[in-house]
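Chains as they are written, first to last, in this note's numbering: chain A, 1299 to 1389; chain B, 4 to 383.
Hint data in this document are derived by calculation from the structure and do not stem from the laboratory.
Check the hints yourself; a few may be wrong.
Sample of chain A residues facing chain B (criterion: CB under 10 angstroms; computed from the structure) [unchecked claim]:
(1) 1307
(2) 1317
(3) 1339
Here a beta-carbon is modelled for each residue, glycine too, at the ideal position from N, C-alpha and C.
Single-letter residue listing:
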Amino acid sequence: MGWSDIMQTAHLVMLIIICIEIIVCCSAISYCIMATRLRNRNDLGVIEKQDLNHLKKVDLIGNDNFGSDAMKQADFMNRYAADPFKDEEAL
Amino acid sequence: MATLCPNCSGNLLYSPSRHAMFCRMCGGTYAPEEVGESQRTSTTYECNIYSCPSCGGTIAVTGTEVSASCVYCGNTTVIFDRISTNQRPDGLIPFSISQKEAVEIVRKHMADAALLPKGVDDIKIENMKGIYVPYQIVSGRFYDSMTIFADHKNGNNNSVPRYYGRAGFCDLLNIPVEAVSSINNDFSRQIEPFDINDAVEFDEDYLMGFYSDIPDVTADELSDAAGKMADEMFGNLMRESISGSNKHVLQSRYWTKLYDNNLMLFFPVWFYTFVYKDKPYTLLINGQTGKIAGTLPWKKRSLKRDGIILAAVMSILLIAPFIIFDRLVTFNAMFTVGFTGFFISLICWLVGYQESSSVKKNAGMTQEGSVFNFVNERKG
Ligand SMILES: [Zn+2]
Ligand SMILES: [Zn+2]
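With the rest of the complex left out, here is chain A:
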């Protein structure tokens, strides 16, 4: 087998790989377009935002900014973990 044969085989393999890559990519694009098409057609199921007037006299008891520290969320949630109506019933 000569050098040119090897080169030709390599060339063919590369062509096949490129074809497969393109086909996979085009299938993905097509799938996405079809799914979006269906989604747009069925663009229902949207629950309208509730009228905020249903909430009266909103009083904040906790108002923290943790910056970029995601871990502080747990502390915050723990601080307000007790059932506030438990105390009310005890009174």
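Let chain A serve as the given structure and place chain B with the ligands on it in line with the hints.
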């Protein structure tokens, strides 16, 4: 239980387009409070309960109207079950969308839908049924604590994640909660809101020509549903207090306590049921505003075929240059196509998957089993 015409003794039905009781025999119209025996001092009213042997759904009828087919599954034999005495609602919003208008709304909805299978748009007016759905109008106290995420831009225009904590309490005022356990709340909420300002005092006459449901949710279920809605509202309110983009609630915990003085109102809803490939589908239409909800079936084969054709055409167009210009086939080209292709594919699969699962979720709600929980309920 029927209301008769003072002129000719024909049966009077409530007519949404005339906003009055209407006699089909002589054409007379009357205000609901003019006709029929007034039972406003009573705390109950009577109706006939029909049940469906196929799906187990029940529906209440007042007056002489006989239920010809099942509202929920389209089955054509429904049987008279019993006479039931129910608590009178405090009021109702009368239908203002007529059956004909509701059919037009469905027709338009179907005309706008691509890939609609043949035969589905053959609308049968007798499958369009007006049902008064009971809602509890609840008030109470509400506590909520949540953490919220937002993206901020720093000086170099890079996104920086920010975390916030918000806790608070408030009064809930007049939140309408759908009170029939067999109707999926996530579905009925899609046709809300209803405008309570149009509500009138309850009078049986409004039910003539329509069906009604009987409220059956427990106090706990009511409190859960109200809490879920209040949590969304509280989340919306808190998000508005934060700057940045891509804001969303990460965690939340809430407590709801409803007061006992609920109002029960009947809200008007048109149910359109059709059967496609042996599966019942139901669309809901708000009988006050005309807002429609429900996912229609689609031609699966056509969608697949279109997808394959599109993919094939794109592939051929992109592959052709490599075959025609032999020199283009190099290691560089292979890697470039590989990398860009990989990222485009990844994004497309993700977006496509998200879109199709949201369609499927909604489609599932339109179909049997999830819209109405009868079958599961009876089995369990
Ligand atoms: Zn008459
Ligand atoms: Zn049925």
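Verification of the supplied hints:
Here the hint on residue 1307 of chain A is broken, as its CB sits about 12 angstroms from the closest CB of chain B, past 10 angstroms. Residue-level restraint check for residue 1317 of chain A holds (minimum Cβ-Cβ distance to chain B is 5 angstroms; threshold 10 angstroms). Interface hint at residue 1339 of chain A: satisfied, since its Cβ lies 5 angstroms from the closest Cβ of chain B, which is below the 10 angstroms cut-off.
When each numbered hint is compared with the structure, a violation occurs for hint 1 only.
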